[in-house]
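Note that the protein sequences, when read in sequence, are chains G and D.
Numbering (the numbering used here) for the first sequence: 17 to 525.
Numbering (the numbering used here) for the second sequence: 71 to 1051.
Everything labelled a hint here was simulated from the structure, so no lab data went into it.
From a predicted model like this one, the values you see are computed outputs, not experimental measurements.
Mixed in with the good hints there might be a few duds.
DEER-style ranges, computed between Cβ atoms [as the list claims (entries may be wrong)]: (1) D190/G x L759/D: 15 to 23 Å; (2) E481/G x K865/D: 36 to 44 Å; (3) E481/G x L759/D: 35 to 43 Å; (4) Q584/D x E61/G: 41 to 49 Å; (5) L497/D x N161/G: 52 to 60 Å; (6) P359/G x Q584/D: 28 to 36 Å.
Once the Cα atoms are required to be at most 35 Å apart in a straight line, the calculated DSBU-like pairs of lysine-lysine come out as [as the list claims (entries may be wrong)]: (7) K48/G x K484/D; (8) K48/G x K546/D; (9) K48/G x K626/D; (10) K88/G x K865/D; (11) K762/D x K48/G; (12) K504/G x K865/D; (13) K48/G x K404/D; (14) K626/D x K63/G; (15) K939/D x K495/G; (16) K495/G x K865/D; (17) K48/G x K557/D.
Virtual Cβ for every residue (Gly too), placed ideally from N, Cα, C.
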Amino acid sequence: MYHYNNLIRDIMKINNIILALILCISLVGCVKLEEDTSSILSVSELKTEEDFDAALAPVFARMAIANKDAHKRITTTGADDLTTWNGGNKAPIGLFDGFGYGNGVGAELEWLSQFSWDPYWDVIYSANTVIVGAENSTGEESVRNLAIANAMFARAISYFDLVRTFGGVPLILDLDADGTESRATVLEVYEAIESDLLFAASQLPSPGAVSSIGKPSNAAAKAWLSSLYLTWGGWPVKDETKYDLAASTAKEIVDMGYFELLPIDELWLLESENSKESIFSIQYSTGDNNFQLLPQSFLPHTAGGWSDFFAELDFYNRFPEGPRKEATFLDSITIRESGTLDPIENVHWTNSEATQRYNPVYRKYTESEVAGYDTKMVSFRAVEFFRYAEVLLIYAEAQARSSSGATPASIEALNQVKRRAAGLPYLTPDASVDVVTATPNEIVDESGWELAGEFKRWFDLVRTERVEEIAALRDPTEKIVLVGTPSKNHYLAPLPLKAVEGTNLTQNP
Amino acid sequence: MAPNNDIQGIPISGKITDNAGEPLPGANILEKGTTNGTQTDFDGNFSLNLVDQNATLVVSYLGFITKEVTVENQNEIIISLEEDATSLDEVLVVGYGTQKKSDITGSVAVVSSKDFENQPISRVDQALQGRTSGVQVSQTSGEPGSGFKIRIRGTNSINGSNEPLYVVDGMVVGSISTLNSNDIKSLEILKDASSTAVYGSRGANGVVLVTTKSGRDGKLKVDFNANTGFQTIRKRLDIMNGADFAEMVNAADTGVNYSEEEIIELRENGGTDWQDEVFSTAVVQNYQLSVTGGNAKTNYYVSGGYFGQDGIVKDQDYKRYSLRSKLNTDFTDKINFDLNIYLSREEKNGEPANVNSTVTFDPTTPVYDADGNFNFSSLKNAATGDINPLIATKFNTLENFNNQAIVGTSLTYKLTDDITFRTLGGLEYTDGIANSYNSIQVNQLGSAEVTNNNKIQLQNTNMITYDKEFESQNLKVDLIHEQQYVKTTFTSATAEGFPTDESSYKILSLGTVQNTLNFTDDERLQSFVGRVNYGLLNKYLFTGTVRADGSSKFRKDNRWGVFPSASLAWRLSEEDFLKEVEFINSLKVRGSYGLTGSQAIEPLATRARAVYGTEYNYPFDGESSIVGIGPSVIIENPDLTWEKTLQSNLGFDVGILNSKYTMSFDWYKKNTSDLLLLVTLPEFIGANLITKNVGEIENKGFDISIGANLIQKTDFSLSTNFNFSKNTNEVLSLVDDTPISNLGESYLGSVLSVNPTRIEVGQSLGTFRGYVYEGVYQTGEETLEGLKAGDPKYKDLDGDGFITTDDIQNIGNGNPDYTWGLNTDMIYKDFSLNILVQGSKGNDVYNFIRARQMGLGSTTFHGVHEDIKNSWTPSNPSNIAALDKTAASHQILSSEFLEDGSYIRFKNITLGYNLRPNVLSKLGIGSMRLYMSFENLITITDYSGFDPEVSSGGNSDIDLGIDWDAYPLARTISVGLNVSL
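Here chain G stands alone, though its shape is the one from the complex (with noise of 0.2 Å):
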């Protein structure tokens, strides 16, 4: 009796042991651990249209953000057109203007990475991610070889700002690219984006038949192509030849018959964006308050702005009078209220007691300024970066510099752009403006004009190697101070310090 009742208490515990293993046994792999991936996308295959607009947004969002203030001008500030204000917070500025850079002074400048650099290659990165995408599709040739052609325009536009700041950069393009990668040649990026460019200028519909004013048309391709024959031809490469490739790609856009020029005085209204002056604009939208910010930052503090940018004493004062002058140049400026930005009271520059800064300001990008957005002077006019009236002057130049010379069609486009300077219609001869012959050398005085303030003029110096001729005619009561004396050293930007920490990019010089 005593054993079977230990019997008994023996397997019952038995049981319950194996009852209380079972239970956890099965409690077991209630948890499965393959991680929930459900709310992450996966870049799919690209086939059809809408999937290339989806990819190619995030290329020109990236450009339209890297463009929306002034900021990427900082490298080109050496030149004559653009100074900036001797305080605040403006020193990297000023280290441009009074060329105090170099030697690896100014690499370690947050705005160089932030403005002049990091953004590009996020371009890049994203049309290389469309055009590799394009190649592996299973979409209709045209619709790819479309998306190709405008990521490859993309890319090279970003490839040639970067060619022209900081000399040769690793050229990236693929989706392989793993850090140690070196510097290409000058000569190579070029190669590079002039065979991008001679793509996109085969695969792109002509202007008026892109299918967004966003997109660009093949006369954009070609514009850029032209711009950089003109380069080549110049400081550092230097191939002569390339000069006639220059004139004849922009010939080949004016005679499309296509582009106009605009009465000066209408030309910077918001009205007048993606004019038919306009060859390629990079576009902001009031629907999702995408603004851009060029008004804020040609604007002193006094005016609601951030006094990024002037322009100097003594360009303004060579800068040839007439109705461009007063188109270029804010007359009359608004002073504000600080915070609501009500406006107070009208100056002129001058007046520097009101305006508490003692330089011109530029006038093109304030002209379609809405004030108080964001506590800002913002605006959302597209912004062109590249003008008709640019193409008209590099023909002329480039044609001036080619094997035969200048020719009437090229003085004629020179003229063109000097008749609307003066306020006169373009297309009809007047003899009070218009000039017979035109050195180079003239010609791109009249860029500068032309083109004050548009991220142009530095290249244009550099090209011609006039940077000291230029720098040497600086008024000498100009606040910002010359530190270095401008030397072949300044030509390039100093590469920003991440880029040249733990990778095989050497500095400039």
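With the hints as your guide, set chain D onto chain G.
Then chain D, alone, in the frame of chain G:
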């Protein structure tokens, strides 16, 4: 021992209680020198027949100091016993169970409620500060409701989280900051591998075990605690007044000018003192009520609390409500069930003014203009480009609500005498809502954001324990299976372009531009643990643990990790040669070695993902945007796996003179390898971010803890506890051993792309970088090219004649060399005094606020610091940079602004008074204590900013000690009351 009624004797009866008057059931009463004894009953009463009329009674009870009382012709006697705080049979909570203190082989520190009940505690993590060695607790922000940063034995990981694991009553929870501090019975901190290995993959950063109070078998007890006080800012910074500032601005000649009349007016009205305008005295209050009781089978503990704190910086307040209910019952004599429910709600309201803006803003601009509206920014564009610091706080709305529910339930089944089965199920649900609205007055636009952050965490633990004591050996085996599931959901809706401020964030549809964003992720964990505790002759102790964890954060091939550990301890005091030495009553030597892991990265870290959002959309037609989907910036890494920490620990615990003095010493060394590191590749690659297992960090140091009961008399007692921790952190290797400069924040905006901190092999985390400041060039001194007298002088390290980023070097470190705490308790009759002092030595602080006050930094035009008046001029050859210094010559990142943040701080001084029991018993009150307390009363430091303890880096371990806009800690004076019925 049965009452010996057979012997004729002198009857005596009485009651045994603890020193709070609580009856002690089951206490032993023995007539000394005889075998005559008895035990107290349920109410603490006893009766005994004494042999000798003048006998001595020996009263003993587990956990209390045995007391001997001589009976002098008394028939009735009440004896109260003191709790034995250093009892060797004290039971500590360890991972997945409990263990006697004498049996512990690992490194465990305990903070019990007794240690902090004399100090008003607003957050549970505050109870740990200054009380234990090896644990560094710092308050990185004084914002109401902000938590503490806890680090156990240094920081292991660069990118992964370094937060210790928090376990409350056996359940892993996200944080302990919302717990009601009066509910806490004890906090155990597990420091070494042996004690944390049982938590395996999550134990590498140490574990904080929280045990809450339970009900007990006894009559109803009600506790009420109330505390209310005032907080003020501890110090003011040296800022120029309006007139002095105006004169300095004129001297700087940058285009801003003050006329003579303006300066005279400023001298008369003093200008604006922004520190006065923004800082204010703030109220803090804390109320708690708890009820506990039960019988032999069932007991309960219910508590509720309210905590409210206003901010010393306008305008913000914080409230916390909590409710806890614990129920424990024996279903049968073999099965025990308990259910714990904890609910809490936090409400934080208001956007505080920015501290940096406040102390750098133009002192000549009045707060209001002539019409009574705020002046938007500096009237003359002087000082900074910031907006009036009071505007955002007055017009913007910022609300944070956090609801939390923690439910834990467990079933314990005693299968046999030696085998117990326990299953635990837990749920933690957190729901965070954040609403914000930026007024049209601030940005002319009106923008609102409503976000919801939702987390649900489920846990199930199943354990079988075999616990048997043999003759001279004892063996305990635990087998555990655990699984956990966490799901996080985030939703956000924003709108911009409102026609009016009236609706704030409540009618998002009124905004012209609307955006939405959401994502969800989850993480899962499966674990198996085996642990053996073996003791031989109560002298030789061994613990071995193995844990295997599988985590969903890693891909299939790298998912499982195995974490073993072993430890040994030798109780020397039990050996014959030491047993006779009365001086030393306990001495234990222990050592441990083990491997723990960390998977503290975000879910989905191994995967690449496409990017989207408004910044990728483009309006090709100039009007409406096309949705863009961009390529991933992250490179996928399927090889990602656990971080591993190998830790060895050697220590000893000694008690002398019957534990009048105790000391614990631990030496440890931790090596963390396979660090989960976010590597940034060069920008031109495009997708340039990847998380990899690479790098190694070492932490080594020692913790010392010394306790002393200096004086123990009837009327007066003095005891003190001193702890000291020294930790040395060193980065041993990185990717190709190249320094990482971009993981911390930049803080300096557009001025410099060099971060103030850098991670470098051979240095510790938190290393500061900067130029070496050598004063100012004086007249006639040779300067570098382009510089002149009055310009700041920096060391040209590479001797190239230019000051470039190559001249930046390591100039300091945010980590302290050592930290210490001293907690002293003094009791004189009914008065008690508790003083907690805490100190830190060798931690540097980068004072960027002072740099900005000196006129440096983006959007800064003129400095407001008093030192500006001492700027260099040819006639005043000081070492402050001249007003007309060469552009861009004055560096913000330099040793000029790196200060020694060592401090000694009187964290708490509390003076209390216990009312007499005879007075109280007439009112039916068991005990009552009134007290007055001072927090952060005195701080001894050389740091010139607001507070050396706070950091703008928050809980970051890379950005320690950075004062950019850190919210200073307050000095608090409060009074309080504890009542027990």
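Status of each hint after checking the structure:
1. D190/G x L759/D: 15 to 23 Å: Since the Cβ atoms of D190/G and L759/D sit about 19 Å apart, the hinted range of 15 to 23 Å holds.
2. E481/G x K865/D: 36 to 44 Å: With Cβ atoms ~38 Å apart, the hint holds.
3. E481/G x L759/D: 35 to 43 Å: This hint holds: roughly 41 Å between Cβ atoms.
4. Q584/D x E61/G: 41 to 49 Å: About 31 Å separates the Cβ atoms of Q584/D and E61/G, which means 41 to 49 Å is violated.
5. L497/D x N161/G: 52 to 60 Å: Given about 57 Å between the Cβ atoms, the range holds.
6. P359/G x Q584/D: 28 to 36 Å: With Cβ atoms ~31 Å apart, the hint holds.
7. K48/G x K484/D: holds, 30 Å
8. K48/G x K546/D: Between K48/G and K546/D the Cα gap is close to 31 Å, so the pair holds against 35 Å.
9. K48/G x K626/D: holds, 12 Å
10. K88/G x K865/D: holds, 32 Å
11. K762/D x K48/G: Between K762/D and K48/G the Cα gap is close to 25 Å, so the pair holds against 35 Å.
12. K504/G x K865/D: Cα-Cα ~29 Å, so holds.
13. K48/G x K404/D: holds, 33 Å
14. K626/D x K63/G: holds, 32 Å
15. K939/D x K495/G: holds, 24 Å
16. K495/G x K865/D: holds, 29 Å
17. K48/G x K557/D: Holds, at about 13 Å.
Comparing the model with each numbered hint stated earlier shows that hint 4 is the single one that does not hold.
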